[in-house]
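Visitor: Now for the letters of each chain:
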Amino acid sequence: MIDKRVADLAAAVAGIEDGATVLVGGFGDAGVPNDLVQALVEQGAKELTLVGNGAISEVVGHGRLIAEGRVRKFIASFPKGRGSKLFEPGDASESVELEIVPQGTLAERIRAAGAGIPGFYTATAFGTPLAEGKPTMEFDGNQFVLERAIQADVALIKAKTADRWGNLAYTGTARNFNPIMAMAAKRTIAQVSEIIDPDPLDPEYIVTPGIFVERVVAVADDLREEGRQ
Amino acid sequence: MSDTKPAAEKIGLSRLQIAWRAAQDIADGSYVNLGIGMPMTIPRFLPEGREIMLHSENGLLGMGPPPAKGDEDWDLINAGTRPTTVLPGGSFFHHADSFAIVRGGHLDISVLGAFQISEKGDLANWSLGPSAARVPTVGGAMDLAAGAKQVYVLTDHCSRDGSPKIVKQCDLPLTGLACVNRIYTDLAIIDVIGEGLVVREIIEELSFADIEAQTGAALRLSDDCKALTAPEFEDA
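First to last, the sequence lines map onto chains A and B. In this text, residue positions in the first sequence follow my numbering: the first is 1, and each later residue adds one. In this text, residue positions in the second sequence follow my numbering: the first is 1, and each later residue adds one.
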């Protein structure tokens, strides 16, 4: 029998090792698995390479891991929100290595990893500082930059609803990076508002098929940025 | 009130008037992405009867106006991370599909802001360079610059210090090469055609020579150059 449900957040993040590359979903405060991140902080893994769109604050989500000193390198398109002190001179996060990636290139590097594609050419960033040092190629008279897939050990994602098979459905713009991150990691862990049982999700409405998901944990009253319930 | 005109009175379009003018050029049925700032005000100025589909790069087509206070859904937000709404015919999708819409050339128009634009249509709008204290944040700007069928830029003609923003060559870090198609400023509308800049409209108070004087690149005057005008709006 296939049953990907785990009892609690501690069980969900068990086994994540120091030095792991961790994808964390979300954009703004939508679709960020804040409870899994908090559980990972408590679990203690460190020296992580964190991948995500960006940290909107130090309180929850990506920024929480960074503020707790667990992150060695952050790969992001918009690494910090306004008002956040992350990465500024004098802040403890100042020494975190930053890799700034155009948002579409970030998404495609993650998608490519999930699809078994080690690299791809894109027009985005050609001739800009973010393409410096990267191989380029001309196709049909236009110039393109070689970008590498981002292979990850773990993905922490958030969805609205799951079933015991690990199938996931989302809500609104909380989908964002979550479905592609689910595909790109050796181990994908999903927090969801609700796990339905015993009936499965309607196959017509599943966005992430359960094959991409190893563990699901239900968190009804999820952590959000203040004022964003 | 004195009858004498203050010497420093600003001439040219306000920011809302620039957005109004750009809105007149967006055809019915267009799929459009609007950048943060001036471009975001375009929807309120669309002529009656035109339906456009707004793309928000965090996974939404058919973006509507902000919700009423109390109706916010923090799982339905725009690219500026503020609550938004979805209009009939809208759809949700994940980030790779959202940027396939951008990078795959499916978006009709991307409207962006600018620090500098070169005479070849190079755009600099994401970083003030290594001397800037801020951590660089690129977001989707490079994808939008490279991928949309048409890139419109809305900007003041000159920086606050009076230096031209339209220049021979950008000295700030680039967002994209030869990507801008049309520039809407407070003083003029300029098309980037091939490797040159063509002035299409100029405000009535200024001449082509005046525009040339405030531009750091070579300009050509369109044969049918028109007056750049817009209705008055209360600037927010």
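One thing to keep in mind: the hints can contain errors.
Reference listing, derived: stretches of chain A covered by chain B, where coverage requires no fewer than 3 residues with Cβ under 8 Å from a Cβ of chain B [said to hold, decoys possible]:
#	stretch
1	59 to 73
2	170 to 179
Under the rule of at most 27 Å between Cα atoms (straight-line distance), these lysine-lysine pairs were calculated in the DSS-like manner [to be verified]:
#	chain 1	residue 1	chain 2	residue 2
3	B	149	A	134
4	B	149	B	168
5	A	134	B	120
6	B	168	A	160
Not the full set, but computed from the structure, chain A residues with beta-carbon under 7 Å of chain B [unchecked claim]:
#	residue
7	27
8	28
9	85
10	95
11	104
12	201
13	205
Simulated from the structure, these hints should not be mistaken for laboratory data. No residue lacks a Cβ here, since even glycine has one placed at the ideal position from N, Cα and C.
Visitor: All the hints need checking, so say for each whether the structure fits it.
Guide: Structure-based check of each hint:
1. 59 to 73: As far as the stretch 59 to 73 of chain A goes, the hint is violated, because 0 residues have Cβ atoms under 8 Å from chain B.
2. 170 to 179: Coverage by chain B holds for the stretch 170 to 179 of chain A (10 residues, Cβ < 8 Å).
3. B/149 <-> A/134: Holds, at about 25 Å.
4. B/149 <-> B/168: This hinted pair holds, its Cα atoms lying about 24 Å apart.
5. A/134 <-> B/120: holds, 24 Å
6. B/168 <-> A/160: Answer violated: residue 168 of chain B to residue 160 of chain A is near 51 Å, above 27 Å.
7. 27: holds, 4 Å
8. 28: Holds: closest Cβ of chain B sits about 3 Å from residue 28 of chain A, inside 7 Å.
9. 85: Given a least distance of 11 Å, the restraint on residue 85 of chain A is violated.
10. 95: violated, 13 Å
11. 104: It holds, given that the least Cβ distance between residue 104 of chain A and chain B is near 3 Å, below 7 Å.
12. 201: For residue 201 of chain A, the interface hint is violated, since the closest Cβ of chain B sits about 16 Å away, which is over 7 Å.
13. 205: Interface hint status for residue 205 of chain A: violated (12 Å vs cutoff 7 Å).
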